[in-house]
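Engineer: Protein chains in written order, with this note's numbering: chain A, 1 to 183; chain B, 1 to 262; chain C, 1 to 373.
Simulated from the structure, these hints should not be mistaken for laboratory data.
Take these hints with a grain of salt, some might be off.
Computed footprint of chain B on chain C, listed as stretches where at least three residues anywhere in the stretch have a Cβ under 8 Å from a Cβ of chain B [claimed, not checked]:
hint	stretch
1	22–35
2	70–79
Per label pair, the in silico range of CB-to-CB distance [stated by the list, open to error]:
hint	chain 1	residue 1	chain 2	residue 2	range
3	C	E330	B	D22	50 to 56 Å
4	C	P224	B	A18	32 to 38 Å
5	B	K4	C	K213	29 to 35 Å
6	C	G225	B	T189	50 to 56 Å
7	A	I163	C	E243	50 to 56 Å
8	C	P189	A	P87	51 to 57 Å
9	C	P224	B	P24	33 to 39 Å
10	C	G201	B	D22	22 to 28 Å
11	B	P190	C	G225	38 to 44 Å
Glycine is no exception: its CB is placed at the ideal position from the N, C-alpha and C atoms.
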Amino acid sequence: MTEELIIAGFGGQGVLSMGKILAYSGIMEDKEVTWFPSYGPEMRGGTANVTVIISDTRISSPIVKHFDTAIILNQQSMDKFEKAVKPGGTLLYDPNGVIHPPTRTDINIYKVEATRTAVEMGNPKVFNMIVFGSYLSVRPILTLDNVEKGLEKSLPERYHKTIPLNLEAIKKGQEIVETVLEV
Amino acid sequence: MELKDLIKPENLVYSKSALLEDVPMHYCPGCSHGVVHKVLAELIEEMGLQEKTVGVAPVGCSVFAYNYIDIDWQEAAHGRAPAVATGIVRVNPDKFVFTYQGDGDLASIGTAEIMHACNRGENILVIFINNGIYGMTGGQMAPTTLEGMVTSTTPFGRNVDLNGYPLKITELIAQLPGTSYVTRQSVETPGAVRKCKKAIKKAIDNVLAKKGTSFVEVVSTCNSGWKMTPVDANHWMQENMFPFYPLGDMKDSVKGDNNAKN
Amino acid sequence: MAEYKLMKGNEVLAEAAIRCGCDGYFGYPITPQSEVMETLMARQPWTETGMVVLQAESEVAAINMVYGAAGSGKKVMTSSSSPGISLMSEGISYIAGAELPCLIVNVQRGGPGLGTIQPSQADYFQTVKGGGHGDYRLIVLAPSSVQEMNDFVGLGFELAFKYRNPAMILTDGALGQMMEKVKLSDYQPRWTKEEIEEKWGSWATTGKTATRKKNIVTSLEMDPGRMEQNNIRFQKKFSEIEENEVRYEAIQCDDAEYILVAFGTSSRVCQKSVELARAKGLKVGLLRPITLYPFPKKAIKELARKVKGFLSVEMSAGQMVEDIKLAVYEAGSTVRVNHFGRMGGIIPTPEEVVEALEEKFSWELSYGVKRSY
Numbered sequence: 001m002t003e004e005l006i007i008a009g010f011g012g013q014g015v016l017s018m019g020k021i022l023a024y025s026g027i028m029e030d031k032e033v034t035w036f037p038s039y040g041p042e043m044r045g046g047t048a049n050v051t052v053i054i055s056d057t058r059i060s061s062p063i064v065k066h067f068d069t070a071i072i073l074n075q076q077s078m079d080k081f082e083k084a085v086k087p088g089g090t091l092l093y094d095p096n097g098v099i100h101p102p103t104r105t106d107i108n109i110y111k112v113e114a115t116r117t118a119v120e121m122g123n124p125k126v127f128n129m130i131v132f133g134s135y136l137s138v139r140p141i142l143t144l145d146n147v148e149k150g151l152e153k154s155l156p157e158r159y160h161k162t163i164p165l166n167l168e169a170i171k172k173g174q175e176i177v178e179t180v181l182e183v
Numbered sequence: 001m002e003l004k005d006l007i008k009p010e011n012l013v014y015s016k017s018a019l020l021e022d023v024p025m026h027y028c029p030g031c032s033h034g035v036v037h038k039v040l041a042e043l044i045e046e047m048g049l050q051e052k053t054v055g056v057a058p059v060g061c062s063v064f065a066y067n068y069i070d071i072d073w074q075e076a077a078h079g080r081a082p083a084v085a086t087g088i089v090r091v092n093p094d095k096f097v098f099t100y101q102g103d104g105d106l107a108s109i110g111t112a113e114i115m116h117a118c119n120r121g122e123n124i125l126v127i128f129i130n131n132g133i134y135g136m137t138g139g140q141m142a143p144t145t146l147e148g149m150v151t152s153t154t155p156f157g158r159n160v161d162l163n164g165y166p167l168k169i170t171e172l173i174a175q176l177p178g179t180s181y182v183t184r185q186s187v188e189t190p191g192a193v194r195k196c197k198k199a200i201k202k203a204i205d206n207v208l209a210k211k212g213t214s215f216v217e218v219v220s221t222c223n224s225g226w227k228m229t230p231v232d233a234n235h236w237m238q239e240n241m242f243p244f245y246p247l248g249d250m251k252d253s254v255k256g257d258n259n260a261k262n
Numbered sequence: 001m002a003e004y005k006l007m008k009g010n011e012v013l014a015e016a017a018i019r020c021g022c023d024g025y026f027g028y029p030i031t032p033q034s035e036v037m038e039t040l041m042a043r044q045p046w047t048e049t050g051m052v053v054l055q056a057e058s059e060v061a062a063i064n065m066v067y068g069a070a071g072s073g074k075k076v077m078t079s080s081s082s083p084g085i086s087l088m089s090e091g092i093s094y095i096a097g098a099e100l101p102c103l104i105v106n107v108q109r110g111g112p113g114l115g116t117i118q119p120s121q122a123d124y125f126q127t128v129k130g131g132g133h134g135d136y137r138l139i140v141l142a143p144s145s146v147q148e149m150n151d152f153v154g155l156g157f158e159l160a161f162k163y164r165n166p167a168m169i170l171t172d173g174a175l176g177q178m179m180e181k182v183k184l185s186d187y188q189p190r191w192t193k194e195e196i197e198e199k200w201g202s203w204a205t206t207g208k209t210a211t212r213k214k215n216i217v218t219s220l221e222m223d224p225g226r227m228e229q230n231n232i233r234f235q236k237k238f239s240e241i242e243e244n245e246v247r248y249e250a251i252q253c254d255d256a257e258y259i260l261v262a263f264g265t266s267s268r269v270c271q272k273s274v275e276l277a278r279a280k281g282l283k284v285g286l287l288r289p290i291t292l293y294p295f296p297k298k299a300i301k302e303l304a305r306k307v308k309g310f311l312s313v314e315m316s317a318g319q320m321v322e323d324i325k326l327a328v329y330e331a332g333s334t335v336r337v338n339h340f341g342r343m344g345g346i347i348p349t350p351e352e353v354v355e356a357l358e359e360k361f362s363w364e365l366s367y368g369v370k371r372s373y
């Protein structure tokens with residue numbers, strides 16, 4: 001199993017930390033992981049994206065042209081990465097940041113109302129965990145047990161009290177994800 | 001009375017420091033370096049510091065200082081002695097570390113390193129030999145060359161419009177809160193040598209007490225570079241250098257004391 | 001199960017330094033490696049192992065602090081990125097000339113000049129062929145994973161002290177910023193005063209005692225006869241390094257007809273290119289130099305006698321390719337050595353590498369090679 005994934009959105013949406021929790025959960029699952037961010041001035045408020053690779057075997061290139069999965073959280077990223085999904089791959093997006101929905105017909109497409117749900121849950125910060133939950137639902141490559149361990153490992157001790165809230169958001173995301181197209 | 005009757009311990013009035021190596025110095029006759037070396041060697045010996053001392057030699061006439069005093073030495077790149085000394089003392093805080101630098105080394109190419117080492121208050125002693133000229137490379141203008149002074153790169157005298165002004169770096173150093181003792185001395189008379197030795201001793205005491213950086217400038221002659229006899233050079237220094245670089249303590253304090261007399 | 005962590009390459013460099021008993025780090029901030037010093041400052045190793053961490057006023061000062069501390073027999077390091085390494089090059093030459101052991105890390109970015117902060121491998125020449133003045137060599141390790149960023153800190157120090165020569169970890173912004181699963185090294189105590197005296201007392205400025213001569217750390221020798229002797233000694237040391245310390249990894253080279261040669265980040269890209277090429281029926285292997293100096297000449301020479309071509313894949317205009325050509329020439333082989341690279345902070349994709357291979361070796365792929373021996 002090798003999952004090559006990109007998470008792309010705005011800085012501040014928790015793109016990088018979601019990738020980090022995903023990668024840590026992969027370690028808990030005894031897998032090889034690589035987390036490769038875009039870095040530099042881009043980090044300061046502009047677009048942010050991170051490539052995460054999870055594999056049973058040694059990971060080769062951190063530079064990936066075609067992804068198994070793309071998680072897309074704004075229009076710029078849709079424009080850039082919709083075409084980068086492998087045929088038969090998966091695209092998950094939040095319609096709140098996306099004006100032009102994906103148009104490809106050779107990939108699985110899912111959407112999650114994560115921004116709205118986070119506001120409804122009274123905590124916009126759990127946005128990325130809702131998206132993460134939806135991802136786990138459509139790409140069940142990790143067990144929730146290991147995700148919980150991954151959260152513990154990747155969050156500093158002082159944030160451990162937020163783990164139940166994060167898990168709740170993940171579960172919420174698993175529930176509310178909608179299928180747009182399955183091929 | 002025979003000579004052998006005279007050579008007895010009870011008749012001894014002066015001896016060379018055991019730490020001063022028995023090798024001919026490469027310095028020109030009349031140069032101040034030898035005197036300052038002697039004073040340093042005496043103090044390291046008298047204060048029992050040989051085993052804990054590391055000297056840092058510069059690039060300049062005193063590049064071979066390590067040949068003359070029997071202690072461990074490091075030879076730094078041009079201007080970098082304060083950084084080298086910082087490296088040594090940071091990982092060996094129990095050592096007594098000093099730099100020995102000339103005006104080109106300290107006040108020109110190494111300005112950043114000396115300012116920042118002093119500003120951090122590194123527990124080191126800095127000996128700064130200021131003779132207003134580049135001796136080793138053959139008498140070029142130094143940052144401390146006086147206005148109008150002739151050197152090989154200012155053959156018509158230092159023109160401040162062209163070359164800028166002589167740099168009173170010690171006055172700048174005295175402003176830095178990292179320094180504890182900043183003084184300007186000379187060694188052209190026996191009295192001056194005694195005063196200078198007292199000042200260096202105090203500087204070493206401060207370093208050992210971890211009071212911050214101690215900085216001793218020695219206004220010096222370079223009779224070869226100045227193209228004078230040693231005696232004329234001493235007179236020239238007294239008449240021209242001392243008015244611009246007045247002798248005396250500029251700061252006597254502890255690290256971090258910003259209200260010190262500057 | 002061993003405790004694995006998810007860490008950035010830069011953070012791992014810092015952690016590995018603390019754990020291998022490093023005595024001091026002197027550095028100056030520069031992207032993309034500032035996390036090295038930031039991690040150290042946050043870890044406050046001086047409260048734990050006694051390791052000193054100091055932010056210098058410049059890279060020039062930092063490398064000279066390393067000189068001073070290394071001259072006293074301590075295990076010290078610095079890190080920087082390309083423009084900062086250029087500034088340090090003076091000091092590195094002095095360190096090599098004074099035969100001091102230390103570790104320098106270059107987390108490369110694209111140049112020349114200020115260039116970009118994105119990853120690059122364009123400092124190969126600077127690192128392997130000189131950088132500073134005079135006939136000296138650095139022992140150069142090129143990690144290709146975050147795990148190797150950890151492992152090569154300890155190894156770098158080991159080799160530096162073994163040969164009394166500066167060692168460099170040549171990595172890049174991608175590996176510095178990337179997070180991967182890593183097993184950190186176990187803690188090793190810092191050397192005690194007595195251990196340093198015993199190991200390095202013959203040259204380190206530990207303070208002159210009555211029982212030994214004074215130690216002088218210097219690269220200066222005015223007498224050209226003696227300076228030549230110094231150089232002969234250095235060259236002997238470099239020959240020994242070339243003899244004993246070559247490290248490389250060969251991936252699917254046994255049956256390969258074409259060899260990709262790549263180090264660091266581009267070697268990771270090429271691992272995938274090998275998979276892609278083999279899926280297309282092309283017999284491609286990857287030779288990954290781990291030590292860039294000493295360069296794995298022998299391995300290249302042996303391959304040169306049986307393969308149809310080499311493609312050097314570098315994030316530069318083509319620098320290591322010259323060393324491959326030299327080795328192939330020395331092997332008496334006439335197979336072609338080509339280069340493919342991206343510059344200025346761009347990392348090639350695995351697909352691009354395969355395309356380049358097919359294009360640059362289209363003649364060989366159609367007609368094969370004529371052996372001249």
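Engineer: Which hints, by number, does the structure contradict?
Structural biologist: 6, 9
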